[in-house]
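*Asks:* Protein sequence lines, in the order shown, are assigned to chains A and B. Terminal number for the first sequence in our numbering: 265, no gaps in between. Terminal number for the second sequence in our numbering: 152, no gaps in between.
You can take every hint at face value.
Partial list, derived from the structure: chain B residues whose beta carbon lies under 7 Å from chain A:
id, residue
1, Leu52
2, Ala56
3, His80
4, Arg82
5, Leu91
6, Phe94
7, Phe104
8, Gly142
With a straight-line Cα cutoff of 27 Å, these simulated DSS-like cross-link-like pairs (lysine-lysine) come out:
id, chain 1, residue 1, chain 2, residue 2
9, B, Lys114, A, Lys265
10, B, Lys7, A, Lys265
11, A, Lys247, A, Lys118
12, A, Lys258, A, Lys236
13, A, Lys69, A, Lys118
14, A, Lys265, B, Lys30
15, B, Lys53, A, Lys265
16, A, Lys258, B, Lys114
Honestly, the hints are just simulated from the structure, not real lab data. Virtual Cβ for every residue (Gly too), placed ideally from N, Cα, C.
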Amino acid sequence: MEALRQRARELLEAGSVQVIIGYANGSNGRRRPLFARRPEQLDQLILEDNPPLNLAVYLRKPEIKRLGKAGVVATPSILKSILQLAAENQYRDSEALFLALDPTGAVVELSTADAIAKYLGSNGQAVTESESCAEIASLDRDGRFAFWQQEFERCIRCYACRASCPMCYCEQCIADSNQPQWVPVAPHSLGNLEWHVSRAMHLAGRCVGCGACTEACPAGIPLRLMNQFLADLVAKEFSQKAGAGVKLDYPLSVFNVKDREDFIK
Amino acid sequence: MADFEPKVIAFVCNWCTYAGADLTGTSRMKYAHNVRVIRTPCTGRIDYMLILKAFASGADGVIVSGCHPGDCHYTSGNYHARRRWMVFRGLLDFLGIDVERIRFTWVSAAEGAKWAQVVNSTVDDIRRLGPYTAYQQMIGKGVERTLGDPAD
Numbered sequence: 001m002e003a004l005r006q007r008a009r010e011l012l013e014a015g016s017v018q019v020i021i022g023y024a025n026g027s028n029g030r031r032r033p034l035f036a037r038r039p040e041q042l043d044q045l046i047l048e049d050n051p052p053l054n055l056a057v058y059l060r061k062p063e064i065k066r067l068g069k070a071g072v073v074a075t076p077s078i079l080k081s082i083l084q085l086a087a088e089n090q091y092r093d094s095e096a097l098f099l100a101l102d103p104t105g106a107v108v109e110l111s112t113a114d115a116i117a118k119y120l121g122s123n124g125q126a127v128t129e130s131e132s133c134a135e136i137a138s139l140d141r142d143g144r145f146a147f148w149q150q151e152f153e154r155c156i157r158c159y160a161c162r163a164s165c166p167m168c169y170c171e172q173c174i175a176d177s178n179q180p181q182w183v184p185v186a187p188h189s190l191g192n193l194e195w196h197v198s199r200a201m202h203l204a205g206r207c208v209g210c211g212a213c214t215e216a217c218p219a220g221i222p223l224r225l226m227n228q229f230l231a232d233l234v235a236k237e238f239s240q241k242a243g244a245g246v247k248l249d250y251p252l253s254v255f256n257v258k259d260r261e262d263f264i265k
Numbered sequence: 001m002a003d004f005e006p007k008v009i010a011f012v013c014n015w016c017t018y019a020g021a022d023l024t025g026t027s028r029m030k031y032a033h034n035v036r037v038i039r040t041p042c043t044g045r046i047d048y049m050l051i052l053k054a055f056a057s058g059a060d061g062v063i064v065s066g067c068h069p070g071d072c073h074y075t076s077g078n079y080h081a082r083r084r085w086m087v088f089r090g091l092l093d094f095l096g097i098d099v100e101r102i103r104f105t106w107v108s109a110a111e112g113a114k115w116a117q118v119v120n121s122t123v124d125d126i127r128r129l130g131p132y133t134a135y136q137q138m139i140g141k142g143v144e145r146t147l148g149d150p151a152d
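So here's chain A without its partners, still in its complex pose:
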């Protein structure tokens, strides 16, 4: 930790990065993002193994880009998101610098997608929540409908799930489109269902499973389950995994003539 803070300080002082993005202690025992632009601000930096938010989301925001080159204290989730962003041409090599720790506690500096892929190959652990998916999938159809209706009922459409997701980088979101209005803006049952279906569909095969959406949701909706379900489906049907490498096709923009079609009658 001290080595990491030291390195971050050196980077800021040398001007190789203009801002260090990491975590700090927030109020009520929560974690908050830290944007350190001066070396002394790094005193607040803490290391978090399982952070509730994915810092990769900030790299796409214009207000953060304006600060200059960023150094990010990275966890495997963050690095996986960066790989997926690189595969989608949303991250250019050396656009930012990622500081991670190797098993010996030494600081590793990564800035290219290839280096990140290599690091993840030896350090990245898979996060899965397939069990809870199976629990819901085992309910009958009415049970699943009732379960999700009960969950979606609490949605207030604050779009925190969208804001917290590094993959939700569209400048204009389908939910904001009003001509035509694809997704009703009001948080009633139909609007909520359509929003969550849109969100899950747009993340199908792209979600790396960091869980930031579920953590960000003020209503406690287990959004991650939908993403996990679709990630499993895409992995099973198309043998593709988000964030698994530098060169990835978006599974829904390619096809295989031998794709399953037993549901087409």
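Using the hints, position chain B against chain A.
*Replies:* Just chain B now, with coordinates in the frame of chain A:
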């Protein structure tokens, strides 16, 4: 339920199924009148939101149909659509939406008879399943939450 007439929306592609449905008509074949056909350029154009919008507009069932694999006018629109349907169908099923009410099929421009059979069997299925009340009841629900407390 005896007087229940299913409402079925069909999203079809311009080049195969729409022409196939035309052939059904010009061949003077009769089929269930419950279907409302919406012509799209290609199955690749059939956004999953269109299917949700059909249900939101009161449809009890949806037919989605286009060119057989390999026959797409735009070479590969139907292959892309097939993948998208696979994911969409999986998600809807996971969310507890009745995927039996969505019929995916391929009908070519020469298959006028198949179109009649697709529509008839879908309408029969929907008639057996009854109106999609679970979805239709959901549509009105929660609107009061958006209006605020009248006492305020």
